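Student: As a plain string of letters, each chain reads:
2 protein chains.
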Amino acid sequence: MTGFTRDDLIHKARLAKASSVTLRRYREEDRQRAILSIRDALAANQQDILVANARDVAAARENELSAAMIDRLTLTEARLRGLGEALKEIAASPSVLGQIEHEHTRADGLLVQKKRIALGVIGVIFESRPNVLIDCAALAIKSGNAILLKGGSDAEHSNAILGHLVQDAIASFLPRDAVQIIPGGDRQMTVEMVKLVGLLDLVIPRGGEGLIRMIHEHAKVPVIAHAKGLCHLYLHADADFDKARAIALNAKVQRPSVCNAMETLLIHQQLDDGYVLDLLQALEEAGVRLRVDERVWGLGPKPGWEQAVDEDWDTEYLDKILSVRVVASEDEAIDHILKHGSHHTEAIISNDPSVIQKFEDAIDASCIAVNASTRFNDGGELGLGAEIGISTTKLHAYGPMGAKELTTTRFVVQGTGHCRV
Amino acid sequence: MTGFTRDDLIHKARLAKASSVTLRRYREEDRQRAILSIRDALAANQQDILVANARDVAAARENELSAAMIDRLTLTEARLRGLGEALKEIAASPSVLGQIEHEHTRADGLLVQKKRIALGVIGVIFESRPNVLIDCAALAIKSGNAILLKGGSDAEHSNAILGHLVQDAIASFLPRDAVQIIPGGDRQMTVEMVKLVGLLDLVIPRGGEGLIRMIHEHAKVPVIAHAKGLCHLYLHADADFDKARAIALNAKVQRPSVCNAMETLLIHQQLDDGYVLDLLQALEEAGVRLRVDERVWGLGPKPGWEQAVDEDWDTEYLDKILSVRVVASEDEAIDHILKHGSHHTEAIISNDPSVIQKFEDAIDASCIAVNASTRFNDGGELGLGAEIGISTTKLHAYGPMGAKELTTTRFVVQGTGHCRV
Numbered sequence: 001m002t003g004f005t006r007d008d009l010i011h012k013a014r015l016a017k018a019s020s021v022t023l024r025r026y027r028e029e030d031r032q033r034a035i036l037s038i039r040d041a042l043a044a045n046q047q048d049i050l051v052a053n054a055r056d057v058a059a060a061r062e063n064e065l066s067a068a069m070i071d072r073l074t075l076t077e078a079r080l081r082g083l084g085e086a087l088k089e090i091a092a093s094p095s096v097l098g099q100i101e102h103e104h105t106r107a108d109g110l111l112v113q114k115k116r117i118a119l120g121v122i123g124v125i126f127e128s129r130p131n132v133l134i135d136c137a138a139l140a141i142k143s144g145n146a147i148l149l150k151g152g153s154d155a156e157h158s159n160a161i162l163g164h165l166v167q168d169a170i171a172s173f174l175p176r177d178a179v180q181i182i183p184g185g186d187r188q189m190t191v192e193m194v195k196l197v198g199l200l201d202l203v204i205p206r207g208g209e210g211l212i213r214m215i216h217e218h219a220k221v222p223v224i225a226h227a228k229g230l231c232h233l234y235l236h237a238d239a240d241f242d243k244a245r246a247i248a249l250n251a252k253v254q255r256p257s258v259c260n261a262m263e264t265l266l267i268h269q270q271l272d273d274g275y276v277l278d279l280l281q282a283l284e285e286a287g288v289r290l291r292v293d294e295r296v297w298g299l300g301p302k303p304g305w306e307q308a309v310d311e312d313w314d315t316e317y318l319d320k321i322l323s324v325r326v327v328a329s330e331d332e333a334i335d336h337i338l339k340h341g342s343h344h345t346e347a348i349i350s351n352d353p354s355v356i357q358k359f360e361d362a363i364d365a366s367c368i369a370v371n372a373s374t375r376f377n378d379g380g381e382l383g384l385g386a387e388i389g390i391s392t393t394k395l396h397a398y399g400p401m402g403a404k405e406l407t408t409t410r411f412v413v414q415g416t417g418h419c420r421v
Numbered sequence: 001m002t003g004f005t006r007d008d009l010i011h012k013a014r015l016a017k018a019s020s021v022t023l024r025r026y027r028e029e030d031r032q033r034a035i036l037s038i039r040d041a042l043a044a045n046q047q048d049i050l051v052a053n054a055r056d057v058a059a060a061r062e063n064e065l066s067a068a069m070i071d072r073l074t075l076t077e078a079r080l081r082g083l084g085e086a087l088k089e090i091a092a093s094p095s096v097l098g099q100i101e102h103e104h105t106r107a108d109g110l111l112v113q114k115k116r117i118a119l120g121v122i123g124v125i126f127e128s129r130p131n132v133l134i135d136c137a138a139l140a141i142k143s144g145n146a147i148l149l150k151g152g153s154d155a156e157h158s159n160a161i162l163g164h165l166v167q168d169a170i171a172s173f174l175p176r177d178a179v180q181i182i183p184g185g186d187r188q189m190t191v192e193m194v195k196l197v198g199l200l201d202l203v204i205p206r207g208g209e210g211l212i213r214m215i216h217e218h219a220k221v222p223v224i225a226h227a228k229g230l231c232h233l234y235l236h237a238d239a240d241f242d243k244a245r246a247i248a249l250n251a252k253v254q255r256p257s258v259c260n261a262m263e264t265l266l267i268h269q270q271l272d273d274g275y276v277l278d279l280l281q282a283l284e285e286a287g288v289r290l291r292v293d294e295r296v297w298g299l300g301p302k303p304g305w306e307q308a309v310d311e312d313w314d315t316e317y318l319d320k321i322l323s324v325r326v327v328a329s330e331d332e333a334i335d336h337i338l339k340h341g342s343h344h345t346e347a348i349i350s351n352d353p354s355v356i357q358k359f360e361d362a363i364d365a366s367c368i369a370v371n372a373s374t375r376f377n378d379g380g381e382l383g384l385g386a387e388i389g390i391s392t393t394k395l396h397a398y399g400p401m402g403a404k405e406l407t408t409t410r411f412v413v414q415g416t417g418h419c420r421v
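If you read the sequences in order, they're chains A and B.
Using our numbering, the first residue of the first sequence is number 1, and each one after it goes up by one.
Using our numbering, the first residue of the second sequence is number 1, and each one after it goes up by one.
Any given hint could turn out to be false.
Each pair may be met inside one copy or between any two copies, as identical chains are not told apart.
[Unchecked claim] Each computed DSSO-like pair below joins lysine-lysine, with the alpha-carbon atoms no more than 27 Å apart: (1) Lys220 x Lys195; (2) Lys88 x Lys220; (3) Lys243 x Lys358; (4) Lys302 x Lys320; (5) Lys12 x Lys302; (6) Lys115 x Lys404; (7) Lys320 x Lys339; (8) Lys302 x Lys228; (9) Lys320 x Lys220; (10) Lys17 x Lys320; (11) Lys228 x Lys195; (12) Lys195 x Lys88; (13) Lys17 x Lys220; (14) Lys243 x Lys17; (15) Lys404 x Lys114; (16) Lys243 x Lys114; (17) Lys320 x Lys228.
To be clear, the hints were calculated from the coordinates, so they are not data collected in a lab.
A quick note: this is a predicted structure, and the numbers were derived from the prediction, not measured.
Chain A with its partners taken away, still in its complex shape:
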């Protein structure tokens, strides 16, 4: 155990809160320099970071973590270079602070402005991947927020060295206290953290369903999270064969372990049987195991197919497994998604504008992909630079959250002695 107590947590949160007020006085140039200075620190301390990370990886092997978990935990020279590039992009991206989002002068001369400001103090609770610490710290700095970062115990040594590097790196340009590292490994401390009303303005959990559920149960501060990504691809009756195949493969196979990968394929019954079998074979050849409904089963069954059971339609496999269902109409596809979708990403392949519009109107998801892969629902792909998370709830932000989503707007009115009539 770390010996880190609730009092330590509150102390760190208070330091962050105090620095969040000071942060408002700094300029974009200071924030840019601080972010670039983290980049320099990563480059200058690469060896030490890799050594610390190797200790975490060795412990993970001893604890028999899965290969996927160990992969997520592992830092390499290439991954650190990638982080450095992301930091450069975040620093160079347009400022999200101080803009006047709206302005008008009333007939009586009162100037009404709506100005963009930082939220204050953000808490991020993350599992496994230590690079999340760097991304989130940089986005918080970019948006003028202080941040509390609580990683998982698996990445204890990696997070400790990265945390110190970030704090030292920013200290020449911004208050060092703006970034606070909370040790991992203590779930009770997560519970205490999400109760810090008045100290944290927002908590963003990044992790599995268990973590999210626990946080929703205890949180007294605002939380933005995505519970899961159960994404569908619907092939309409008029779907172009080649496009549909390419997109289905991309959505399922390119990176099966992420939240914007496809988990269920819905196929209109009018699509040619031979084509459907060809598509399913292509998926199997790419290593995908199929769980099919009765109508698909009727087309084969082929060796390797399994019959889907009820739970399959609600399962986020995060693996090379796909449930496949034939639907009688776009309405049946929409109903299926409304029942089983997770408000993350839903895709349609069709050339019929009225069907596409109907799908868009009916489906409640943070991203609708039309004749495109579900994999595009990502802050980097959609032009936000890095992302601090993907929200599957509609309040404040819906979809990928970049620096701008860590800000809010408020009114400033300026008069010359104006009174209300």
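For chain A, the structure is supplied; the task is to place chain B on it using the hints.
Tutor: Only chain B this time, still in chain A's reference frame:
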């Protein structure tokens, strides 16, 4: 008791949820017609509304409610006309739905759009004033949302007739189920309502601190509320005497019972004693009772003054009572506001741009008023049309919330077979 059960509540919430999907297919014209039709219904049924309201007012008198409460409860011909005018304005205001907030085409030809959509189903829990029902129903309709409206038992008869009128009025243009009335008088039903995860996308409580606290304690769905409005006016050393006096009087006296009225006056010690005494006298002549700190006391004391105690600085009087403190510097004023403010509205009178900027940077409030009255922090005054509430938390909305604040944005990407590389 009403005999209204938790099952009834869930049934109504499900009807609202189902209609929120249907609502996406309607046009702005339908929404406008529905809102104007409520206006017509109020005019055509004025007598019945006033009779129902008179029953509530009579019961309130019997129950010995305060004069202020009875005033808030009472509907008059003039108030109904005012409501009709507000409905006309809401109907005529620009559409908040369907706008493309952002659009770019990637180098690979993928079109990325961020589109504005309704939140889904809103719950509003309100006390006393029955006209809130009409304002909120109209704003929900304008923004394409379904709404559950739960008023207080004091306005039982008024809310019942208004609810039916609204449902009947919109039924020719929109799904009748989009507006659901939940009977008041049962606090447990409020608790159940804020737990309807998956059915309600947002709950907005409008009421006293007790209601807000109870809702925050039990809520499982997102809540936007303002706990209280403890607004300060700070007179800097260079404050113009006449402007300061006019604004102080306006902020305190024009409508003392509302959340954007001033509760504490902070005065820089360099301001002329004679002027300060003159200002305090003007406030007293307007019926304001003063609770003053030691330094003000030293200027008098005058008959009628009371010495402020610690609780005064944290008290939202909502009445003609004012606490007054002399501060040694703008820093002391800022520290006082950071400690006692409620993130609602904070005002400064000064002509020094650097002091004004320092105040704006340091103060965390939904509206900063510079040389203007606190009373301007109001949706109508700031150009939103009607408001559904004022948020004193920063997530999603900070300050007055109009129809636009009942919407969110999401990504729609359109490709021609685009896959992620």
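Student: Decide, hint by hint, whether the structure agrees.
Tutor: Tested hints:
no., hint, in the structure
1, Lys220 x Lys195, "both (5 Å within a copy, 14 Å between copies)"
2, Lys88 x Lys220, "neither (35 Å within a copy, 39 Å between copies)"
3, Lys243 x Lys358, "within (21 Å within a copy, 57 Å between copies)"
4, Lys302 x Lys320, "within (18 Å within a copy, 81 Å between copies)"
5, Lys12 x Lys302, "neither (59 Å within a copy, 47 Å between copies)"
6, Lys115 x Lys404, "both (13 Å within a copy, 16 Å between copies)"
7, Lys320 x Lys339, "within (23 Å within a copy, 54 Å between copies)"
8, Lys302 x Lys228, "neither (30 Å within a copy, 66 Å between copies)"
9, Lys320 x Lys220, "neither (37 Å within a copy, 34 Å between copies)"
10, Lys17 x Lys320, "neither (44 Å within a copy, 34 Å between copies)"
11, Lys228 x Lys195, "both (23 Å within a copy, 20 Å between copies)"
12, Lys195 x Lys88, "neither (34 Å within a copy, 43 Å between copies)"
13, Lys17 x Lys220, "both (17 Å within a copy, 26 Å between copies)"
14, Lys243 x Lys17, "neither (51 Å within a copy, 35 Å between copies)"
15, Lys404 x Lys114, "both (15 Å within a copy, 14 Å between copies)"
16, Lys243 x Lys114, "between (45 Å within a copy, 24 Å between copies)"
17, Lys320 x Lys228, "within (17 Å within a copy, 52 Å between copies)"
Violated hints for the displayed structure, listed by number in ascending order: 2, 5, 8, 9, 10, 12, 14.
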